[in-house]
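Chemist: If you read the protein sequences in the order shown, they are chains V and C. If you're matching positions, the first sequence starts at 48 in this note's numbering and goes up one per residue. If you're matching positions, the second sequence starts at 127 in this note's numbering and goes up one per residue.
Don't read these hints as lab results, they were simulated from the structure. Just to be clear, a hint being listed does not mean it is correct.
[Unchecked claim] Take a look, some chain V residues computed to stay more than 10 Å from chain C by CB distance:
#, residue
1, V90
2, L95
3, G109
4, R115
5, Y221
6, E240
[Claimed, not checked] For each label pair, taking beta carbons as the anchor points, the in silico distance ranges come out as:
#, chain 1, residue 1, chain 2, residue 2, range
7, V, G64, C, A319, 22 to 30 Å
8, C, S560, V, G112, 29 to 37 Å
9, V, M328, C, D431, 50 to 58 Å
10, V, H303, C, A561, 42 to 50 Å
11, V, A216, C, G540, 42 to 50 Å
12, V, S356, C, T424, 55 to 63 Å
13, C, A561, V, R350, 52 to 60 Å
14, C, T424, V, H234, 42 to 50 Å
15, C, E496, V, R275, 23 to 31 Å
16, V, S92, C, D578, 23 to 31 Å
[Claimed, not checked] No farther apart than 30 Å at their CA atoms in a straight line, the calculated lysine-lysine pairs in the DSSO-like style are these:
#, chain 1, residue 1, chain 2, residue 2
17, C, K507, V, K335
18, V, K359, V, K335
19, V, K310, C, K175
20, C, K541, V, K310
21, V, K136, C, K507
22, V, K335, V, K324
23, C, K245, C, K265
24, V, K324, V, K310
25, V, K310, V, K335
26, C, K175, C, K541
Think of the CB as a built atom: it goes at the ideal place given N, C-alpha and C, for glycine as much as any other residue.
Chain by chain, the residues:
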Amino acid sequence: MSLLCAESPGVLDLLEGAGLELLWHPALSAATGGEVRALLAQVESGALPLDILCVEGSILRGPNGTGRFQMLSGTGRSMLDWVTSLAAKARHVVAVGTCATYGGVTSAGENPADAVGVQYEGVEMGGALSRDFRSGSGMPVINVAGCPTHPDWVTETLLLLASDQLDQAGLDGYGRPRFYADHLVHHACPKNEFYEYKASATNLSEGGCMMEHLGCVGTQAVGDCNIRTWNGEGSCTRAGYPCINCTAPEFEEPGHGFTETPKFAGIPVGLPTDMPKAWFMALASLSKAATPRRVRENAVADRLVVPPSLRKPKS
Amino acid sequence: MSERNLLVGPFNRVEGDLELRLEVDAGQVRAAYANSPLFRGFERMMIGKDPRDALTITPRICGICSISQSAAAAIALADAAGVRPTPEGEKVAALLHAVENLADHVTHFNLFFMPDFAKPGYAGRDWFDAAVARFTAGKGSSLRRAIDARAQLLHIVGLLGGKWPHTLAIQPGGVTRAPSARDLIRIGTSLRAFRRYLEEQLFGAPLEAFLSLGTGDQAANWTTGDAGFFMTIAADLDLQALGRGRGRYMSFGAYPMRDGPLFAPGLWRDGARHDIDHAAIAEDLSHAWMLGETAHPTRAETLPDAAMSGPAYSWCKAPRLAGETVEVGALARQILDGHPLALSLAEEGSVRARILGRLLEIARSQLVLEELLSSINPAGKFMDQVTIPHDGTGVGLVEAARGSLGHWLRIEDGKIASYQIIAPTTWNFSPRDSAGIPGPVEGSLVGAAVGDDEDTPLSVQHIVRSYDPCMVCTVH
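Required output: the full structure, derived from the provided sequences and hints.
Modeler: Written as structure tokens, this is what we have:
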């Protein structure tokens, strides 16, 4: 439902303006029951071309590989069966949301329903569809990962596809569109100055950087969340809670609490991926020593308490 | 026409997956069976995790009632810790939650419910051309206006909660972002814009005028806005006689505050308000594909029956209060809060009553939000640090848009040992119980008219959608 939050213009105008005709959407379309079954039959027979198949939600293989934990109502067939069948007819297949891309939260814990993504099971390729699957366009499944997805990630992916401007080179190593996946959540995070000085928040609700103590992985997580922002001017870090890497496979099982940073000998594990650890440590200790009082105090306050000092222009 | 069976699905414009099996006799539904054909297993996933992880995982049960799940989890954890959020934090949590509920109601009316009246089956009715222009699925003018207004309203969640859905801002001790005076001013502008949408489009009049309606008959004379348009249709199609319930309603009470919730809790039974006996809540498994016995959620388990053996026909458990079904949702909430219009609709309990209950709550929620906003003190403390106990139990009872939502949590050795959830639609769309009593929606469907040429009856669609089911929460 995050898609409904698309703005300027709204989702209906966005799709319509790009010449995208919605054949059927479970929340938006008029057709119910028999009308939908007839439409699906037309797609399966090839009478009705299917340009883009969008799949939301993980695909359940349980119990015992039958897929019967998730039946498409009124059809007597599992979603696993339907996705396999419809994907074979589609020019493009788009998985929307981290459950559909990699299994996501629905595959957490003991994964009682045996949930997988459309073409991935966690980080491994091969989900409901095999790793070799290619849609009519020759592309693998396009993974608009995010929990939730930003509405623009979905609409812009669809618009790029509709204008033939998204090819395999436009996807990253996990099948995510690079227009948003080449950015890190860290980019444009308003806590960047705190990060520079390793001025850390010690508790949720404090202003400082959440990497050292509160589990924030914005320096490693892909997404332009802080560049384009959400629902107006929002983002996770702007609201005072950490990035949990929801665009990534297996984010649902970090191996520690979501809001705590695992440490080894007092040093956070999982430092930025493309920076040598020794350099990071050296810079961190230098910058910690150089932290201005303003940054240090604001880091542990629940609102800005020390403003920037004013400097008069040189006359 | 002779007897026949119908299998209705895929059932869209409800949240999630629903399949109905209908026994039709002499042009009427004789019996209905509601199947939730999806099993998800969130309760099982939680076991062994850090209790605080519930705040991240449970909101992801649902892309539409996400904040309700956040609120229930946060309250359950606070209960386990024996604390309450700070007063200002409690207000912001309520504000976030009420925005979601309000947005959900507007989505339901415009996107899920009204488009059925623009279907060809109603061609020739006086109001049909207007219904097509205003409510054609994916196109109608009212629906477009509603989507835009809703997206703007959710800027409040963007600002205070980072994003919608799946915020982590609501915590046992309060909320993670302390709003400044400037933030509150900005939220005020969003609320005023939403009031403008409601007064220009949905009600076509000041909210206070709609709120002064005291009876269903007075409401029947409401003519302005999309609400008035609905009343015209409701009168023509006799929606006050369609899909009637059993007249038993429950609300856990909405938006907890220091001096009690803003919408009062209770049970409505035999035409009067009673306190809820929470110990009398139990989930019956006789007709769910679940193993185990009927139990209170503090003692229950979630053991799916992979064999999917009969007589079960749904993944939905059947919650009962003292052995009885209860209906939950906006109508129930407004009845138990004692609003005169809702009270006058309690016995009617029809499609019309449920939609009117929701419209009433839309108007009241706007006022609640305005009052909450003006009461927030930006200089106050918005969050306390809370230590979750190593062992303990907690309960989080809230009101989601669709009704009463409960989280029951047990912590052992610092880990979640049990996590049970009863969602609103689990109450409304439950299957039969061991006494053979159908769930609320199954009961409401009996008697619905089915045309000889219909395989997906319109009357059935109106009844089902009047409950605003959220099937993904149902089967969590």
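Chemist: Next, verify each hint and record whether it holds.
Modeler: Going down the list of hints, with the structure as the test:
| no. | hint | in the structure |
| --- | --- | --- |
| 1 | V90 | 13 Å, holds |
| 2 | L95 | 16 Å, holds |
| 3 | G109 | 7 Å, violated |
| 4 | R115 | 6 Å, violated |
| 5 | Y221 | 19 Å, holds |
| 6 | E240 | 18 Å, holds |
| 7 | V:G64 <-> C:A319: 22 to 30 Å | 24 Å, holds |
| 8 | C:S560 <-> V:G112: 29 to 37 Å | 32 Å, holds |
| 9 | V:M328 <-> C:D431: 50 to 58 Å | 54 Å, holds |
| 10 | V:H303 <-> C:A561: 42 to 50 Å | 47 Å, holds |
| 11 | V:A216 <-> C:G540: 42 to 50 Å | 47 Å, holds |
| 12 | V:S356 <-> C:T424: 55 to 63 Å | 56 Å, holds |
| 13 | C:A561 <-> V:R350: 52 to 60 Å | 56 Å, holds |
| 14 | C:T424 <-> V:H234: 42 to 50 Å | 46 Å, holds |
| 15 | C:E496 <-> V:R275: 23 to 31 Å | 30 Å, holds |
| 16 | V:S92 <-> C:D578: 23 to 31 Å | 28 Å, holds |
| 17 | C:K507 <-> V:K335 | 28 Å, holds |
| 18 | V:K359 <-> V:K335 | 27 Å, holds |
| 19 | V:K310 <-> C:K175 | 19 Å, holds |
| 20 | C:K541 <-> V:K310 | 20 Å, holds |
| 21 | V:K136 <-> C:K507 | 56 Å, violated |
| 22 | V:K335 <-> V:K324 | 16 Å, holds |
| 23 | C:K245 <-> C:K265 | 13 Å, holds |
| 24 | V:K324 <-> V:K310 | 14 Å, holds |
| 25 | V:K310 <-> V:K335 | 18 Å, holds |
| 26 | C:K175 <-> C:K541 | 5 Å, holds |
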